[in-house]
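There are 2 protein chains.
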Amino acid sequence: MANGLPNPPAALLTAATARSLLDSVDAFLFDCDGVIWKGDELIEGVPETLDLLRNMGKKLVFVTNNSRKSRRQYSKKFKALGVEVAEEEIFTSSFAAAMFLKLNNFSPEKKVYVVGEDGILEELRLAGFEGFGGPEDGKKNILLEANFYFEHDKSVGAVIVGLDQYFNYYKMQYASLCIRENPGCLFIATNRDPTGHMTSTQEWPGAGTMVAAVSCSVQKEPIVVGKPSSFLMDFLLKSFNLETSRMCMVGDRLDTDILFGQNTGCKTLLVLSGVTTLPELQDGSNSIHPDHYTNSVYDLVGLLQQ
Amino acid sequence: MANGLPNPPAALLTAATARSLLDSVDAFLFDCDGVIWKGDELIEGVPETLDLLRNMGKKLVFVTNNSRKSRRQYSKKFKALGVEVAEEEIFTSSFAAAMFLKLNNFSPEKKVYVVGEDGILEELRLAGFEGFGGPEDGKKNILLEANFYFEHDKSVGAVIVGLDQYFNYYKMQYASLCIRENPGCLFIATNRDPTGHMTSTQEWPGAGTMVAAVSCSVQKEPIVVGKPSSFLMDFLLKSFNLETSRMCMVGDRLDTDILFGQNTGCKTLLVLSGVTTLPELQDGSNSIHPDHYTNSVYDLVGLLQQ
Chain A
948 MANGLPNPPA
958 ALLTAATARS
968 LLDSVDAFLF
978 DCDGVIWKGD
988 ELIEGVPETL
998 DLLRNMGKKL
1008 VFVTNNSRKS
1018 RRQYSKKFKA
1028 LGVEVAEEEI
1038 FTSSFAAAMF
1048 LKLNNFSPEK
1058 KVYVVGEDGI
1068 LEELRLAGFE
1078 GFGGPEDGKK
1088 NILLEANFYF
1098 EHDKSVGAVI
1108 VGLDQYFNYY
1118 KMQYASLCIR
1128 ENPGCLFIAT
1138 NRDPTGHMTS
1148 TQEWPGAGTM
1158 VAAVSCSVQK
1168 EPIVVGKPSS
1178 FLMDFLLKSF
1188 NLETSRMCMV
1198 GDRLDTDILF
1208 GQNTGCKTLL
1218 VLSGVTTLPE
1228 LQDGSNSIHP
1238 DHYTNSVYDL
1248 VGLLQQ
Chain B
948 MANGLPNPPA
958 ALLTAATARS
968 LLDSVDAFLF
978 DCDGVIWKGD
988 ELIEGVPETL
998 DLLRNMGKKL
1008 VFVTNNSRKS
1018 RRQYSKKFKA
1028 LGVEVAEEEI
1038 FTSSFAAAMF
1048 LKLNNFSPEK
1058 KVYVVGEDGI
1068 LEELRLAGFE
1078 GFGGPEDGKK
1088 NILLEANFYF
1098 EHDKSVGAVI
1108 VGLDQYFNYY
1118 KMQYASLCIR
1128 ENPGCLFIAT
1138 NRDPTGHMTS
1148 TQEWPGAGTM
1158 VAAVSCSVQK
1168 EPIVVGKPSS
1178 FLMDFLLKSF
1188 NLETSRMCMV
1198 GDRLDTDILF
1208 GQNTGCKTLL
1218 VLSGVTTLPE
1228 LQDGSNSIHP
1238 DHYTNSVYDL
1248 VGLLQQ
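Chains as they are written, first to last, in our numbering: chain A, 948 to 1253; chain B, 948 to 1253.
Warning: the hint list may mix true and false statements.
Treat identical chains as interchangeable: a pair holds within one or across any two.
Only pairs whose alpha carbons sit at most 20 Å apart, straight line, appear in this in silico DMTMM-like list of lysine to aspartate or glutamate [claimed, not checked]:
id	residue 1	residue 2
1	985	1031
2	1167	1230
3	1167	1150
4	1167	1227
5	1024	1083
6	1167	1065
7	1087	1227
8	1026	1181
9	1024	1036
10	1057	1069
11	1101	1150
12	1023	1092
13	1024	1092
14	1086	991
15	985	1092
16	1087	1150
17	1026	1092
18	1185	1031
Keep in mind that the hints were calculated from the coordinates and are not lab data.
Model the full assembly from the supplied sequences, consistent with the hints where possible.
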């Protein structure tokens, strides 16, 4: 879509197109959930595929909208699953949120209220900002009773909303009051994914559900820093001195991963190992067409060795 | 708007227009929050106004999108505030949700999952349906861990989402699984108000925020039974044998109360005792124009006695 023309329907990856894809890119951007793993289970053939690409001199970057962990925590998860990935190769939406504040000269004197989990709090801390809320506020209740007045901290200058399994009415009101009443308070969403494979067996409500609730309450749209927004890509390009025309985005979700790749001028490869099925990809109502599709990243190994 | 033409800008209610309004209607529909009370405080002059209208032979109906209480509980609240209102005169969105199931021949063999409070559960019980979830499930947690599998009841045939101060991730996933996986499961919203004066001192997130979260998770729009949907009005007209052209809707919110009145062909009176301010009403961006506006319902007493 980089040239403004609609992409033709996606083609199944073949030995010939796989080789030509490899020749035309220097870097692969991988989504994690549904591409590398499902919940806490590694998808088959991932270590072999990553090894092959590294041996061919390709730069690998791992991009996830899941904000529950920090980069350090994701690096640990990769290791536990038997894959060596450096912190610097990982871009999470929690990290993106902290970097957004940094690049926009957010004052370290101001606080950040977090509707989300530890990943966001840790990335804020590492970037020198004071965050609060998070899992701690998941234990707090309010009593919707006569004359109860809910106080909030007037020094909050940004609210970050991400996936939050401890989401509750208390946090929704806290976030709403900060956004509505603190002058200039930023409303940042890590991403708007409606669902995700938070466990390997089922789909769960994604960050998009918390964002929808807070956005409805304050009647305002957030700044989105994760996929498919271009903020994450711009930051990544600067960090690695890469060009999007020489990159391939590999993902399992059309409306975040593939759209993100296309919005930013990357080549795109959809894998069917996550949320998108072949009938969904080929359905007439789908307007997002990746350059190629294949069952899973492991297919690259087979196709490139033919 | 009953004739399809845009309404002219709202006119301040005067002694002459108040008298002509009274002559032209047989019934008054009152929104409660911001019109009759704010949180748990009665708005000044309400008992006198209701007495005057009753003495003039007008039928009074009280319509609220707040689903936290049942009709019986609201009747008690009126009494506690010193106003006699019969259960039969009260139409809540919790009652509307139960009546929607009844009128659509929902099988009493099926269960109803409730993201909401006691009002919905009580109205379901009175209508002969088995509801569960509600405040009880507000205490439940899930652990988003590897291989955790979240079970749900396959006999749930409807999910009702209303205002829920005990909203959490558990309920969001429970509701999502029922709507997504139980064939034909209905997704009903009591209303979509983004906020409400749940206490007299502050605005709080409304049912719209819970509806937005669940709707995002299942990627589906709900059936709305409260204002401004016409279901509640159709039901009310049948119950009282009334005609909308001889009714006046009195409310404090443009996008629910006034729109509801206009959608259904009522005359409309906006009071400024709730969420809408005069600058908001008169702002160029506002496209919802009530027939009349005044500060509060008590003005009727003064104007009609001039």
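We went through each hint and held it up to the structure:
no., hint, verdict
1, 985 / 1031, "within (18 Å within a copy, 59 Å between copies)"
2, 1167 / 1230, "between (33 Å within a copy, 18 Å between copies)"
3, 1167 / 1150, "between (27 Å within a copy, 16 Å between copies)"
4, 1167 / 1227, "between (31 Å within a copy, 16 Å between copies)"
5, 1024 / 1083, "neither (23 Å within a copy, 35 Å between copies)"
6, 1167 / 1065, "neither (25 Å within a copy, 30 Å between copies)"
7, 1087 / 1227, "neither (41 Å within a copy, 34 Å between copies)"
8, 1026 / 1181, "neither (27 Å within a copy, 61 Å between copies)"
9, 1024 / 1036, "within (13 Å within a copy, 60 Å between copies)"
10, 1057 / 1069, "within (17 Å within a copy, 46 Å between copies)"
11, 1101 / 1150, "between (37 Å within a copy, 17 Å between copies)"
12, 1023 / 1092, "between (45 Å within a copy, 16 Å between copies)"
13, 1024 / 1092, "between (44 Å within a copy, 13 Å between copies)"
14, 1086 / 991, "neither (38 Å within a copy, 38 Å between copies)"
15, 985 / 1092, "between (43 Å within a copy, 12 Å between copies)"
16, 1087 / 1150, "between (27 Å within a copy, 19 Å between copies)"
17, 1026 / 1092, "between (49 Å within a copy, 18 Å between copies)"
18, 1185 / 1031, "neither (24 Å within a copy, 69 Å between copies)"
Comparing the model with each earlier hint shows violations of hints 5, 6, 7, 8, 14 and 18; every other hint is respected.
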